[in-house]
Amino acid sequence: MVGLPGEQLSRPRLAVEAAVRTLRGLMMGFAVWGTLFTSLHHPNPKMGDVVISAPTFHRRAARLFDRWEAKEEDSAPLGDVEYVLVVAGNSDEENPYRKGSALQTHLLGYEFPSTLMLLGKRKVQFVVSASKAKLLQPLFKTPSGSDDKKVEVEILTRSKDEAENKKLFEQVIQTIGEGNKVGVLPKDKMSGKFVTEWQNVLKGSGADLKEVDVGNGVSTLLAVKDSEELQNERNAAKMTNKLMSHFSDVMSGYIDEGKKVTHEQLGEQIEAKLEDSKFWKNLKLGDDFETGFGDWCYSPIIQSGGNYDL
8 MVGLPGEQLS
18 RPRLAVEAAV
28 RTLRGLMMGF
38 AVWGTLFTSL
48 HHPNPKMGDV
58 VISAPTFHRR
68 AARLFDRWEA
78 KEEDSAPLGD
88 VEYVLVVAGN
98 SDEENPYRKG
108 SALQTHLLGY
118 EFPSTLMLLG
128 KRKVQFVVSA
138 SKAKLLQPLF
148 KTPSGSDDKK
158 VEVEILTRSK
168 DEAENKKLFE
178 QVIQTIGEGN
188 KVGVLPKDKM
198 SGKFVTEWQN
208 VLKGSGADLK
218 EVDVGNGVST
228 LLAVKDSEEL
238 QNERNAAKMT
248 NKLMSHFSDV
258 MSGYIDEGKK
268 VTHEQLGEQI
278 EAKLEDSKFW
288 KNLKLGDDFE
298 TGFGDWCYSP
308 IIQSGGNYDL
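When we follow my numbering, the leftmost residue of the sequence shown carries the number 8, and every step to the right adds one.
Calculated from the structure, these hints are not laboratory results.
Check each hint, because a few of them may be wrong.
Stated by the list, open to error - In silico PhoX-like cross-links for lysine-lysine, where the CA-CA straight-line distance does not exceed 25 Å:
#, residue 1, residue 2
1, 173, 148
2, 130, 156
3, 280, 78
4, 200, 173
5, 157, 200
6, 130, 148
7, 267, 280
8, 232, 148
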């Protein structure tokens with residue numbers, strides 16, 4: 008790895024400012040989820056660590072359905088379909104920002120690989136393994152005061168019996184209905200045994216499902232934030248700003264002292280600060296917020312010398 012060459016930085020402060028401006032475009036901030044925290048770099052946390060918030064799920068699901076049913080112009084063609092189908096395959100750390108994964112994270116707080124999720128008519132239907140079904144059990148608890156617009160949850164649990172698993176997929180196809188339009192996310196490139204099984208059952212059924220790309224509509228729904236989400240974004244911005252200031256100071260020190268450091272070493276130093284509780288001690292983020300709620304969208308990307316690979 009090429010270090011930060013001192014001979015190319017004869018005007019250290021200007022160089023630092025230029026590097027910081029560059030890094031603001033290259034170094035991503037944090038994904039902060041408050042009580043619903045997920046690590047996008049580690050979408051499969053240990054089962055014992057996963058706790059799904061039923062109130063958050065039902066609040067967000069109800070809001071999604073409300074906007075969907077409003078058939079707003081900016082969410083088209085979402086208003087033309089009765090169901091949205093999300094079939095998640097294997098996790099992909101190289102491509103974590105897929106809309107299906109974002110929708111899962113928005114509702115559940117975690118990415119759920121090898122999971123089918125069908126949304127429609129104020130109901131969310133899941134097809135999952137037994138272990139994931141156990142994690143989803145809290146969703147059956149509907150918050151009080153939401154009976155008029157509550158969101159129903161159905162969990163279809165897979166087993167080792169391939170014939171029974173096929174019946175579960177056939178049940179999903181039957182729910183959508185022959186000849187009906189179903190919203191899909193074709194730009195999400197999913198793969199894995201689970202996806203292959205679903206595709207084989209769908210093809211073998213001969214069902215005439217009319218798939219409609221609703222990617223833009225789903226993005227529009229997810230773009231609307233509630234007060235909790237907005238506060239999380241403010242906290243994420245504050246954390247990112249503090250790390251950028253720290254990066255500027257560290258890099259300035261290396262330049263002033265004439266020390267050489269590789270991009271990788273400097274990136275690791277910045278990345279390690281996320282777990283340093285003392286580093287965040289004086290940052291005011293509210294009494295109910297913990298810096299442990301934050302995680303990297305991407306590890307710090309540091310480049311210099313005029314050669315940038317975006």
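Hints, one by one, checked against the model:
1. With a C-alpha separation of about 28 Å, the suggested pairing of residue 173 with residue 148 is violated against the 25 Å cut-off.
2. Distance check on the hinted pair: residue 130 and residue 156 sit about 11 Å apart at the alpha-carbon level, within 25 Å; holds.
3. The hinted pair formed by residue 280 and residue 78 fails the criterion: a straight-line CA distance of about 45 Å is larger than 25 Å.
4. Between residue 200 and residue 173 the alpha-carbon distance is near 13 Å, which keeps this suggested pair within the 25 Å criterion.
5. Using a Cα cut-off of 25 Å, the hinted pair residue 157 and residue 200 is violated, with the two alpha carbons roughly 33 Å apart.
6. Between residue 130 and residue 148 the CA atoms are separated by roughly 14 Å; this keeps the pair inside 25 Å, and the hint holds.
7. Of the supplied pair hints, the one linking residue 267 and residue 280 holds, its CA atoms being roughly 20 Å apart against a limit of 25 Å.
8. Distance restraint check for residue 232 and residue 148: the Cα-Cα separation of roughly 24 Å lies within the 25 Å cut-off, and the hinted pair is therefore satisfied.
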